[in-house]
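Asker: What follows is each chain in one-letter form.
Protein chains: 4
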Amino acid sequence: MKSHAMMETYPATINLDRDLLAGTIDVLVECAQTCTACADACLSEEMVAELRKCIRSNLDCADICATTSRVLSRHTGYDANITRAQLEACIQACRSCGDECARHAEMHEHCRICAEQCRACQEACTELLASIA
Amino acid sequence: MKSHAMMETYPATINLDRDLLAGTIDVLVECAQTCTACADACLSEEMVAELRKCIRSNLDCADICATTSRVLSRHTGYDANITRAQLEACIQACRSCGDECARHAEMHEHCRICAEQCRACQEACTELLASIA
Amino acid sequence: MKSHAMMETYPATINLDRDLLAGTIDVLVECAQTCTACADACLSEEMVAELRKCIRSNLDCADICATTSRVLSRHTGYDANITRAQLEACIQACRSCGDECARHAEMHEHCRICAEQCRACQEACTELLASIA
Amino acid sequence: MKSHAMMETYPATINLDRDLLAGTIDVLVECAQTCTACADACLSEEMVAELRKCIRSNLDCADICATTSRVLSRHTGYDANITRAQLEACIQACRSCGDECARHAEMHEHCRICAEQCRACQEACTELLASIA
Chain Z
-15 MKSHAMMETY PATINLDRDL LAGTIDVLVE CAQTCTACAD ACLSEEMVAE
35 LRKCIRSNLD CADICATTSR VLSRHTGYDA NITRAQLEAC IQACRSCGDE
85 CARHAEMHEH CRICAEQCRA CQEACTELLA SIA
Chain A
-15 MKSHAMMETY PATINLDRDL LAGTIDVLVE CAQTCTACAD ACLSEEMVAE
35 LRKCIRSNLD CADICATTSR VLSRHTGYDA NITRAQLEAC IQACRSCGDE
85 CARHAEMHEH CRICAEQCRA CQEACTELLA SIA
Chain S
-15 MKSHAMMETY PATINLDRDL LAGTIDVLVE CAQTCTACAD ACLSEEMVAE
35 LRKCIRSNLD CADICATTSR VLSRHTGYDA NITRAQLEAC IQACRSCGDE
85 CARHAEMHEH CRICAEQCRA CQEACTELLA SIA
Chain C
-15 MKSHAMMETY PATINLDRDL LAGTIDVLVE CAQTCTACAD ACLSEEMVAE
35 LRKCIRSNLD CADICATTSR VLSRHTGYDA NITRAQLEAC IQACRSCGDE
85 CARHAEMHEH CRICAEQCRA CQEACTELLA SIA
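Chains as they are written, first to last, in our numbering: chain Z, -15 to 117; chain A, -15 to 117; chain S, -15 to 117; chain C, -15 to 117.
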């Protein structure tokens, strides 16, 4: 990912720790992709009827992580209130999706990887949020 | 918008008031489009350098409203915690963007319309959130 | 939708017919929401295992319509090549998704509405594309 | 990125070369982030008025790359026509955005990195498209 390199080229002040911020963007972008892939893998499982809630969590988490990564990739006209609120929504989405995927982790490897990725994303967002508040 | 009609065809239970929910989705989808258009109109203004913060708010608000409209359009495997947190982020984004656009409303008609749309969206989300909590 | 009103406030030249453009944006935004809702309704059907392809088409079509509506909502630095190529992708997505939903239209009302919406979107994009080329 | 690992866990057939596919997803996801960051960096430059077209290309390219990465991350109910058309749109967006950023590459390091990333993305999509057609 070029997020660190891009951050170095930003021509004005960034109000957050650049390493922490770039690292969080990386995990978010990765989590959005993993959740999209996990929803699709669940959809192809024979037991798809039992994976409905998992698919739904994955779709929500993918959208929310993607949006959060975009908000964090912008520094111009920074508004701490938006960043904080969107990080909180993202932490919640990662928690719910991680819990749901963890329920199927022993049976489905994609859910195991996705649960792990959601945990990592939840932690990164929590650390970044703590640095703002 | 077909959101009301689609909601009527959903084959399982919906945990929220269907009219309130469909109405909120409509306003969100509209607000996302208005913010995208306002960011672009600001970008073409002669005084673009003074509209940086406005463009940024518009881009965030467009992304956040779009994601919120998707979360609300899904009812399967409903998780009140995600819906609540994403609504809160959206209320904040609409407040910030509405405030920022209101500052330029007398000079730029697109900012006036966008400020109005953000207010309407903030109110709809606030009412829906109250019905959940 | 405020797309017509917003277009009137754009401070520079728009290279396409404003009515045709605003009408297409409206249909695209509506189609993205309908496809998101149809994917979710299919996911809750008892026969979800037979609706896998339909859910997938809906997810693709929702993403592609949303992105196309954003590209069309921007007029600054207009690039006909991007608009044309994205419209072509959108016409294809609406055709595939409309065909797939039409297969389940008699059994599922959400698929019937969604098929209709995809047709309307395909036609609007085709008409707009013709006006560019 | 977990795209390779996730692909290994997909429970059904994938109609494309898995390595090529996962590699393309990685570049797309990265390009979407880079373009979002470049639009924001341009917005903070003193000479923002001369970067209008660049910002617009970046916004389009970010949306189109993100949508393309999602389409490629889904394998269930594969439809070669959608994949092909969306890849073509993405190749065009990367070409236009890469050209535009290249014009400012000597003056703005973010444009230099972004132009490079767009080229890499254009090439990856072109190679994947060739493997389908």
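Note that these hints are calculated values from the structure, not bench results.
Built from N, CA and C at the ideal position, the CB exists for glycine as well.
Keep in mind that the hints are not guaranteed to be accurate.
[To be verified] Cut-off 27 angstroms, straight-line C-alpha distance, at most; resulting in silico cross-link-like pairs (DSSO-like, lysine-lysine):
| id | chain 1 | residue 1 | chain 2 | residue 2 |
| --- | --- | --- | --- | --- |
| 1 | S | K(-14) | Z | K37 |
| 2 | S | K(-14) | C | K37 |
| 3 | C | K37 | Z | K(-14) |
| 4 | A | K37 | C | K37 |
| 5 | A | K37 | Z | K(-14) |
| 6 | A | K37 | S | K37 |
[Claimed, not checked] What follows is a set of in silico ranges between Cβ atoms, one per label pair, in the way DEER data are often shown:
| id | chain 1 | residue 1 | chain 2 | residue 2 | range |
| --- | --- | --- | --- | --- | --- |
| 7 | Z | R2 | A | E107 | 43 to 51 angstroms |
| 8 | Z | D83 | C | L4 | 31 to 39 angstroms |
| 9 | Z | A33 | C | A89 | 50 to 58 angstroms |
| 10 | C | S115 | A | A114 | 48 to 56 angstroms |
| 11 | S | D83 | A | R2 | 24 to 32 angstroms |
| 12 | S | A89 | C | A86 | 17 to 25 angstroms |
| 13 | A | A(-11) | C | L4 | 38 to 46 angstroms |
| 14 | S | A117 | Z | D3 | 42 to 50 angstroms |
| 15 | S | E90 | C | A104 | 30 to 38 angstroms |
| 16 | Z | D3 | C | A104 | 19 to 27 angstroms |
| 17 | S | E90 | C | E(-8) | 34 to 42 angstroms |
Asker: Does each hint fit the structure? Answer for all of them.
Answerer: Each hint tested on the structure:
For the proposed pair K(-14) of chain S and K37 of chain Z, the alpha carbon gap of about 35 angstroms is over 27 angstroms, so the pair is violated. This hinted pair checks out: K(-14) of chain S and K37 of chain C have alpha carbons roughly 24 angstroms apart, not beyond 27 angstroms. Restraint check: the Cα-Cα separation between K37 of chain C and K(-14) of chain Z comes to about 22 angstroms, which is no more than 27 angstroms; the hinted pair holds. Taking the CA atoms of K37 of chain A and K37 of chain C, the gap is about 18 angstroms. The hint holds against a cut of 27 angstroms.
Only pairs whose Cα atoms come within 27 angstroms are accepted, and K37 of chain A paired with K(-14) of chain Z is accepted, the gap being roughly 24 angstroms. Between K37 of chain A and K37 of chain S the CA atoms are separated by roughly 43 angstroms; this puts the pair beyond 27 angstroms, and the hint is violated. Separated by about 37 angstroms at the C-beta atoms, R2 of chain Z and E107 of chain A break the suggested range of 43 to 51 angstroms. The supplied range of 31 to 39 angstroms is met by D83 of chain Z and L4 of chain C, whose beta-carbon atoms lie about 34 angstroms from each other.
Roughly 52 angstroms separates the CB atoms of A33 of chain Z and A89 of chain C, a value that falls within the hinted 50 to 58 angstroms. Distance hint check for S115 of chain C and A114 of chain A: the Cβ-Cβ separation is about 52 angstroms, which falls inside the suggested range of 48 to 56 angstroms. The hint said 24 to 32 angstroms for the Cβ distance between D83 of chain S and R2 of chain A, and at roughly 29 angstroms that hint holds. A hinted range of 17 to 25 angstroms is violated for the C-beta pair A89 of chain S and A86 of chain C, which are about 48 angstroms apart.
In this structure, A(-11) of chain A and L4 of chain C meet the distance hint of 38 to 46 angstroms, their C-beta atoms being roughly 42 angstroms apart. About 48 angstroms separates the C-beta atoms of A117 of chain S and D3 of chain Z, a value consistent with the hinted range of 42 to 50 angstroms. For the pair E90 of chain S and A104 of chain C, the beta carbons lie near 47 angstroms from each other, so the given range of 30 to 38 angstroms is not met. As the Cβ distance of D3 of chain Z to A104 of chain C is approximately 24 angstroms, the hint placing it in 19 to 27 angstroms holds.
In this structure the hint that E90 of chain S and E(-8) of chain C lie 34 to 42 angstroms apart at CB holds, the actual value being about 39 angstroms.
Of the numbered hints listed earlier, those contradicted by the structure are 1, 6, 7, 12, 15.
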